[in-house]
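Undergrad: So the sequences go chain by chain: X and H.
Read left to right, the first sequence gives residues 13 to 150 (the numbering used here).
Read left to right, the second sequence gives residues 15 to 734 (the numbering used here).
Please note that the accuracy of each hint is not assured.
[Said to hold, decoys possible] Cβ-to-Cβ under 8 Å is the rule here; a few derived chain X residues that face chain H:
id	residue
1	F25
2	A27
3	L31
4	Q51
Quick caveat, the hints were computed from the structure, so don't treat them as lab data.
Predicted model, so just to flag it, every value in this text is computed and none were measured.
All C-beta atoms in this analysis are idealised placements derived from N, C-alpha and C, irrespective of residue type, glycine included.
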Amino acid sequence: MSQKPKVLVVDDFAAGRELSAEYLTYRGYEVATAEDGAQAIERAGEFLPDAILMDLSLPEVDGWEATRRLRADDRTKDIKIIALTAHALETEKERALDAGCDEVVTKPVVPKDLEEVVRRQLGLDRAPGDRAGSGEGS
Amino acid sequence: MGIARLDTAESSPNSPEPEARLRLVEALLGEGDGPRCAETALAWLADHAGCERSLLLVVDPEENRLRGLCCQGCDGEAARAMSVDLSDRTHPLVVALESQEAVTFDGPDEGRRRPPPETPLGPVPFLAFPLCPDAETPHGAVGLMLLEDPDRRSGLKDVLEWVGSLLATRLAALAYFRHQKTRQRQRRERDWLRGVLEAVTDPILLTDGQGRILIANSGAEHLLTTDEETGEGRRRAVALNNMLFSASLFTNAEEGGPSRRELLLVDPVDGQDLLFELMTTPFPLDASEVGMVSILRDVTDLSRATTEIEENYRRLRAAESEIRAERDRLDVILSSVLDPILVTDPVGNIVLMNPHAERLFTVPAGNQDREAERRVRANDAVFTSFASDIYAGRSLRWKKELTLSDPETGKGIPMEAVSAKTLSRPGQDTAVVTILHDQSEAVEKARLYEQVKRHSEELEERVRDATRELADQNELLRRQALQLEHASAMKSQFLANVSHELRTPLHAIVGYTSLMMEGVAGELSSPQREKLGRVDSNAQHLLAIINDLLDLTRIESGKMPVRIEEFRLADLFDEVKTEAESLILASKLQVGFDVRDDLPAMASDRQKVKQILLNLLSNALKFTPDGRVDVEGAWHEEEDRVSIAVADTGVGISEKHQKTIFEAFGQTGTFYTAGQTGTGLGLSICRRLATILGGDMTLESEEGEGARFTLQLPRTSEET
Chain X
13 MSQKPKVLVV
23 DDFAAGRELS
33 AEYLTYRGYE
43 VATAEDGAQA
53 IERAGEFLPD
63 AILMDLSLPE
73 VDGWEATRRL
83 RADDRTKDIK
93 IIALTAHALE
103 TEKERALDAG
113 CDEVVTKPVV
123 PKDLEEVVRR
133 QLGLDRAPGD
143 RAGSGEGS
Chain H
15 MGIARLDTAE
25 SSPNSPEPEA
35 RLRLVEALLG
45 EGDGPRCAET
55 ALAWLADHAG
65 CERSLLLVVD
75 PEENRLRGLC
85 CQGCDGEAAR
95 AMSVDLSDRT
105 HPLVVALESQ
115 EAVTFDGPDE
125 GRRRPPPETP
135 LGPVPFLAFP
145 LCPDAETPHG
155 AVGLMLLEDP
165 DRRSGLKDVL
175 EWVGSLLATR
185 LAALAYFRHQ
195 KTRQRQRRER
205 DWLRGVLEAV
215 TDPILLTDGQ
225 GRILIANSGA
235 EHLLTTDEET
245 GEGRRRAVAL
255 NNMLFSASLF
265 TNAEEGGPSR
275 RELLLVDPVD
285 GQDLLFELMT
295 TPFPLDASEV
305 GMVSILRDVT
315 DLSRATTEIE
325 ENYRRLRAAE
335 SEIRAERDRL
345 DVILSSVLDP
355 ILVTDPVGNI
365 VLMNPHAERL
375 FTVPAGNQDR
385 EAERRVRAND
395 AVFTSFASDI
405 YAGRSLRWKK
415 ELTLSDPETG
425 KGIPMEAVSA
435 KTLSRPGQDT
445 AVVTILHDQS
455 EAVEKARLYE
465 QVKRHSEELE
475 ERVRDATREL
485 ADQNELLRRQ
495 ALQLEHASAM
505 KSQFLANVSH
515 ELRTPLHAIV
525 GYTSLMMEGV
535 AGELSSPQRE
545 KLGRVDSNAQ
555 HLLAIINDLL
565 DLTRIESGKM
575 PVRIEEFRLA
585 DLFDEVKTEA
595 ESLILASKLQ
605 VGFDVRDDLP
615 AMASDRQKVK
625 QILLNLLSNA
635 LKFTPDGRVD
645 VEGAWHEEED
655 RVSIAVADTG
665 VGISEKHQKT
675 IFEAFGQTGT
685 FYTAGQTGTG
695 LGLSICRRLA
705 TILGGDMTLE
715 SEEGEGARFT
725 LQLPRTSEET
């Protein structure tokens, strides 16, 4: 394992943001966080994550707009963006896909399932923290 | 020369005196008349030469006869009657004349050398002395001088020769002048005749016995003669005319005497047929030959005119009968027209009326009704005033409203009078035709129309008011509808927002619970794990409520998406069985899944069918304390319908609650007593989803006897 996969967690709701960050860190990812869209764009530019968990309803620049901007930037356009939203209506999901998200996950979701989505999006066999043949956790 | 002769005569003892000769010469030159000259000469010979009885004969070249001219000492009448045919060459006098020598005839009694011809001189010897003019006049002897007593001729020879020569010359000269004069007159007369002929426009011609033209005026020449310049066409026409004319001529000739008949010729110039009346009169040319005078009267135009007159007459008769028929028709029409019609003359007198007009303007014979008579007069006055206006006016048509009264009832009749002037050729008014339209009906109709119109307007006004009211109400309703729509949208938005706001903390609750259960925050003791399980199950329940609320919102706002896919019901049952496995195990009930083997694949929204089925199954498990639950799939082939029933042996549902069980938040109190909780939305959502999928949800239950929920679906649906 040369380098940990990097995930940027964007959420203005601290509990949700920290839950994701803590669990993904626990599963072996390198995690950075952002509290709004503008911050997310800035962090993404510095941190250059492999995946972003993007909340959609954000102050200032919202998740849809942030996704569009990231997709428009050469450095960030290939990052996997997974929308993680409390919006449950289909129209909101479609808007997120239209803005450029790779997948939409509706809250609530248990951390374990969320990590599986990230892993699938990054094309990984197992979580970075798992050793082959060993059980979960570290 | 004369002088020389006189000299010679003077030398003779019997010679007359030179003065006497001179007097004779003067007398002869002064006399212009032949016979008088001859008389003077014979008298002179009697006086101066002793020739007491003598006779003078002259040649008439036109008649070719020798005629007596005058005599001396004998019967003048007989002398003038004497005539000898010069063609009789054996006649002694003719012989004497032609010999140009003096011949002596003896008396008959002597009867020797020549028998004397019979003359007014009687049977006496005489000397025939030819009168020969000088050599200057080249004619032969112009006459014979017969002198009785030929014995004295020797002594008188010179005198006789002188007088003979003188007289011959003078007679010849006179004859010449006379001849010239005659010819001149004849020429003039011929010209006149020609002029007369030409003055006649009808072709006139004289033909000989063979039909050859002897004389023709230009009219006849035009038809029957050609010259060198005549064209071929005209030549042929003329030849044809000649043929026709000759044929007609000889036909006539056979009949003899004057005759007339028709003859058709061709105009040689324009080729038109010309019809002539040919009048012929036989005309003796000489003793042996009879010619024919023909007069052709052109009757072509006459014939045409005659035909035209006949045609005109025929037309006139036809027109007459037509007019008669027309008049009869007009009479019928006039009588049948219900409007009164009047014709007035320029003075305003009514000259013609139809029966309907008569009713208004005349009093029936024998009617004693004074009132009617008065009304008729009043009508007449009104009409006369109207008619005089027309004559005063310039326009040909006139229209006016008149009010007449019915002579019988006295009721006023509003009339529209329409008049037209009839003009004669020079623009004089000849008559006025007036038609009166009874307007009573029209006036009544107008009144009724007004009434109807008023009613109609009132009605319209009412309709307008009603329409306005309706429009107002509509507007109100529209606003209310808009408000309702708005409220509904607000509600949906609110629920969506609520869902969002609830999910966010729920996400943290569910997430941290899961995280702890996974041991991320350290190993948990068994009681801890159990308590955390409670948190999780309640969080899941809360999530179910939120999801149900959201579904209801989707359904109510018509935003529930439907995705049709093909699937087998048996597969779906297996899937439901697997997902509900933990619930089934927890319930400790017997659960059976049964589906007909021959059921074909379905086409419906698999996710929703599954949601409904899970909901029904979880309800059945929840409310069945003991016994069993059966899930049955059936196919109603004839209607191609699928029914999925979930039957339990549970608490059942009272009749009262069955009525409200499909309403939102309609969970019955029974459920609580059973210590179970539901969202209160599940069955409501299930039934609505069934409706969205084209099906229905039914319930059979009795309280305490279990329940049987059945989902009815069309086997195949199409995405809308």
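Undergrad: Now tell me, hint by hint, if it's right for this structure.
TA: Quick rundown of the hints versus the structure:
no., hint, verdict
1, F25, "6 Å, holds"
2, A27, "4 Å, holds"
3, L31, "4 Å, holds"
4, Q51, "19 Å, violated"
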